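Residue numbers (our numbering), protein chains in the order written: chain R, 1 to 655; chain P, 1001 to 1102; chain D, 2001 to 2168; chain H, 3001 to 3491.
Hints in this document: simulated from the structure, not taken from any laboratory. All values reported here derive from a predicted model rather than from experimental measurement. No residue lacks a Cβ here, since even glycine has one placed at the ideal position from N, Cα and C. Don't take every hint at face value.
DSSO-like mimics (lysine-lysine), calculated; alpha carbons at most 27 Å apart, straight line [stated by the list, open to error]:
hint, chain 1, residue 1, chain 2, residue 2
1, R, K626, P, K1088
2, R, K632, D, K2089
3, D, K2087, D, K2164
4, R, K442, D, K2087
Now the in silico label distances, taken between C-beta atoms and shown as ranges [what the hints assert, rightly or not]:
hint, chain 1, residue 1, chain 2, residue 2, range
5, H, L3406, R, P598, 23 to 33 Å
6, D, E2145, H, L3012, 56 to 66 Å
7, R, V508, H, T3447, 47 to 57 Å
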Amino acid sequence: MTKTKMNNYSYISFVLIIPLMVFLITGLFGKKLPALSGILGTVGMLIAACLSYFAAYNYFMVGGRVDGLYPTVIAFKQTWLQFSPSLTIDIGIMLDPISVMMLVVVTTVSFMVHLYSIGYMHGEERYSTYYAFLSLFSFSMLGLVISTNIFQMYMFWELVGVSSFLLVGFYYNKPSAVAAAKKAFIVTRFADLGFLAGILILSFYSESLDFQTIIHRMMDSNSPIFMNANAASFMGVSALTWALCLIFIGGAGKSAMFPLHIWLPDAMEGPTPVSALIHAATMVVAGVFLVARLFPVYMQIPAAHDLVMYVGAFSAFFAAVIACTQTDIKRVLAYSTMSQIGYMMFALGVSGYWGHGGLGFSASMFHLFTHAMFKALLFLGAGAVIHYVHSNEMGDMGGLRKKMPVTNAVFLIACLAISGVPPLSGFFSKEEILTAAFENNKIIYAVGLVTACLTAFYMFRLYLTIFWNKPFPLSEGGGHEVPGDVHHSEAPMTMKLPLLILAIATLVAGFIPFSMYVSADGTAFESEFHIIPALVAVTAGLIGIFTAVFLYAKKNDKPEMISAALGGLYRSAYRKFYVDELYLFITKKIIFNFISTPAAWIDKNVVDGMMNLIADVTGNLSESAKTLQSGKISSYVMWFFAAAIVLSMMIVYVF
Amino acid sequence: MTEMKFILSISFALFFIGAYGFLTRRNMITMLMAVELMLNAVNINFVVFNKYLFADKMDGLFFSIFITTIAAAEAAVAIAIIINLYRKFKSIDEDDIDTLRW
Amino acid sequence: MSNFFLYLISIMILVFGALTVTSHKIFRAAIYLLFTLINVAALYFYLQYEFIAAVQIVVYVGGIVVLIIFSLFLTHRVGFDLPEPSKLKMFFTFLSVLFAFMFCYSLVLGNEFEQSSSVASSVSINSIGRAMLNYGQGGFVLPFEVVSILLLAALVGSIAIAFKTKKT
Amino acid sequence: MNLSLLILIPALTLLGILLAPAKIARAIALGGSFAQLGLALGMLFAYMGLHDASHLAFEETHVWFAQWNINYHIGVDAISIAMILLTSVVLVAGVLVSWNIENKTKEFFFLLVMLATGAFGFFISQDLFTQFFFFELAVIPKFLLIAIWGSGKKEYAAMKLVLMLMGGSSLVLIGILGFYFYSSQAGTPSFDLTALSHLSLTHEQQMFLFPMLFAGFAVLSAMFPFHTWAPDGHSSAPTAASMFLAGISMKLGGYGCLRVAVYLLPDAARAYSPYIITLACIGILYGAFVTLKQSDIKLMNAYSSVSHCGFVVLGIAMFTRTAMTGAVLQMISHGVMTALFFAVIGMIYERSHTRIGSEMGGLFKVMPFLGAVFIIAGLTSLGLPGFSGFVAEMTVFVGSFQNADLFHRMATIIATASIVVTAVYILRAVGTTLWGPIKKAEFEKLTDATWNEKLAAGMLVASIVILGTMPLWLSDMIGKTTEVLFGNVIK
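Next comes chain R alone, as it looks inside the complex (with noise of 0.2 Å):
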């Protein structure tokens, strides 16, 4: 039963056996130390983070490749539970590439922000219990990314959801943070209703739950598991598209792709180093990695794999043409984190499986690598302007760059590397992708463009809003009262360390070279460096920079002018293409209202009715029952009588 495979990587299971600990020291003690909750919290992710980077350098660089590959290790293995001899839940470790990679993102940015929030959640009533749930989260995000069981990441799948959902509504007693909260959870779960459905159909054909066997039977296109599995057909399309198409709803859910991107944006109310570790760098991204973790039986379904790519595109332009117009920092956050996974996730669909066909995987994790850094420092940038500013929303701030100089440094890094501009990371990352792009599918690529060239513009109307635009404080108050907290200083040390750290990280990600270590197969290959297309998504950014600085390096009426030329389309924008009315609309009225209500008055009326009537009926026979026994002689002799007539009859003509 026990299969525990003891080999020089297990230390690996002490980067998630740390934050359960501490996670549950600082949960049921933190209350009585509340100071030492945070150091805790923060010292055990550092130790975490280092164990992580060593287990990547002994993995990439120590272990290295084996015939070729990087070799998949399962560093523990145990069974937690048994469906049945074929079926069974293992909680293991499982370390290849991609995990490797996850390790590393998930313990830098959780430990940034841990260290992040010593300075932010400062003097905060639940600061324990806020560091107990962050501990919580990093522990199912880590078990998520390890997982050698496709049900195992599903449990840490719902971890993180419900991690995520008691972060968000951690200020419990603001309702828009409740509200957001549900919404998250329920718009995930629905999503993991498709991902459960998915695991079934998938276990039952392959046989397994175990990743490695799953994709190992279903490789092969000949084997008898996978010809039944694409055989058997449900309204026409086979059962191994509807798994995969189902698990990539879950997937979508997570990564917060059309349509099931609502809760995102919602999702801000949280504290901003919540959004910056769970809603921009790690959780988000589950999605992602979910795609490339079953990757090869993607491959072999053309359709679904053909899905993941149009939906990734489509969430990706969209989610930028609203970021354009949204005037909260952390929702313009939120849309240009949706877009990038939509790139992420486009990236999977365009690419190969074989060798040097395989750069849209690669780019897509080097993206998610990229991408977790920068996201991150932005969120966490944003963060300390809204603890300066005490407001979300873009109009009571601009001209910061005075007041918060280290700020202003790394947010300009972020947004640069963001856009695309080299050499930043994110300049390589996504010039990976729109290569991968341009060689398999030339639509997606010219959406991938359009979207490159958005995506600078709303991050540069970001920053000049916050930072140039008019003068700070605002003399004319616009709409907030700006609290007189001028001249407190621009942040704590310990907000501002994993601001530079992450900027580093963010100057220096890109030079990895990343498809020698990740890639779809195992092989190792170079990317090649192309001069023609790199210049057209840099020309994309910079005509995106350009505009914005256009329009928001100093204060003018011209944004105004061109949203109000735009009209309807501008408005519809800014409220989200009514998306999010639509599901109210499907939630509340139809569901509520058609469902839901007609079904509690069937069970009071119909249902119980039925019950009450029976017991009705029997009160009412009684009470005719009891007429008869009305105390008169005669009544009662007229029975008696008839009685005796009809039993001597039945004595002498029945028996």
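Position chains P, D and H relative to chain R; hints supplied.
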């Protein structure tokens, strides 16, 4: 045999006349009279069967004697009850006396 | 000739019986009952059971009917008209009674009675008396005693019931 | 291991409560229930230590009525042990929760322990007659518990509950007697479960008996459309009675369905299974949707119990080893979870004096412990990994999906859809009652849990977490017993 069947039919007729009276009358004393008729019909039956079928025995006779006796006792008790009821309800119409219910 | 008496007695029984249960005057009903009972006694005479006939006359006619008439006087004015029962009820009761009678009559007609072959024994008062007090085979002393106790109980009971309770 | 102790200890507790002064009745009840819990745990370890820990063990037989071949025959397998553990945990928690009851203390604890005694007896009986005896013993105290210590329309609810359950048990009785007579036709009349399982009945006989037994027990497990006693009963019952009702009594039904109806009549069960699955699916989804509409949190949990117990019936009717194991796991998981939920709802109600979600709000601030427990119960209910609900539901789903035809597949998918609806209503309840701004000024002064409440909730939470994080031993044990009992009829 035909004679016996004839008398039996008379006794049945008397019995059902009594039953008819018992069912239609509402005055207790008349109901009691109807009961007496029925008892008599039964008596006739016993006597007839004794006479025609079991002439060597006297069981039928004794039955009728005992029934007569019991009828007397019954009448006495019934009348006592009737008088008591009359005192209580000022009526011996059985419709007025329905405390026997529930 | 004997058949003539039988028919006469039978007709009298039925007519007076019917009158007993239909008469509107309660006193007349009692009198009709009296005639019915006398005719039943006559039937017994016809069957040559003189003792039973005598008992019938003594107990019924002399006892019960008198008792009834007494109670009548105690509870009613003499000229009192009995209330007419509803026509519907009378009709349906008549029908059901008729039905029941037909049923029983058909049974009697259809049944082959088996006559006991042994010789008829005497039913003199002497033999009846002996049988009544005989505690051996074929004796009736036990029911006799039981009935006598019952009679006593009934007497005591009826006195107790009819006893006027003191108003407290 | 003397199994009769399981009945003896509660019986002695009952006697103690009866004789002792009212003030220490609760202490006796608590002592007795802790002793029972200890015994149950001891029995678990003893059973696990057995060589063949999947068959009936610790059997004991005494003649009860020799004339009719009624025996006091008891014995346990893994399923009954799981149930007994559940019952003893809920018993302890129930006693703790009602620690401060003031009205007729002695009688209350007496009835509570009596109910549990019935449940214990039911789970260990291997003789239908004895089982029925204990079954009735577990049903009747509920009437008094609700009618005397309840709230709201308590008389109506108590009457309805007991009448419906009695209706169910009369059906069960018909089934049992049917078995008795069929077995006497075949030779020796018997009530013995094992003996009856070897009885070969004709198809018609099976098809006649099965609906009686199954429907009778299904009423108790609140299967749609026989569930309407549950909302009314729960909403009127005192806290401990609600816990027992949902935590134990509904499990009597599920256990009976599985261990009596399906065990004795597998062929008929298979023939009827499409109908049962359909009803279970309706119950699951319909219960979830009705729950959405409820504003009273206790009613919400009552309806959600209907939905969750649907999984039990679904799992049983799916006829795979995994699904049946899942059904048993779901019984245990739901028992503990719903007991916890009712307990914490009762505790909140005691403080806020309202059960309408929208009238509360922000209670997390004033009662963080209860709030956390409420959230844990909610998360268990919506099937979060790490808590027991996940293990049970996933086992049912995976097991159900092993049936390769479309009907079973669709039923499974429909059933899984309910977990989304569950999430919606649970999160709504959390959002409206615990989170958000505090609605009434007097809520600011409310207190958090007392020691007894903390202990009760802690025990239940611990059970949930143990089941949720280390499910293998239990699911393995139950799976093996399932195989022993149903090996020849399931996949």
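Structure-based check of all given hints:
1. R:K626 to P:K1088: holds, 26 Å
2. R:K632 to D:K2089: holds, 15 Å
3. D:K2087 to D:K2164: violated, 38 Å
4. R:K442 to D:K2087: Measuring from Cα to Cα gives roughly 103 Å; hence the hint is violated.
5. H:L3406 to R:P598: 23 to 33 Å: holds, 28 Å
6. D:E2145 to H:L3012: 56 to 66 Å: Hint holds: Cβ distance 59 Å, inside 56 to 66 Å.
7. R:V508 to H:T3447: 47 to 57 Å: With a Cβ separation near 56 Å, R:V508 and H:T3447 satisfy 47 to 57 Å, so the hint holds.
Hints 3 and 4 from the earlier list are contradicted by this structure; the remaining hints agree with it.
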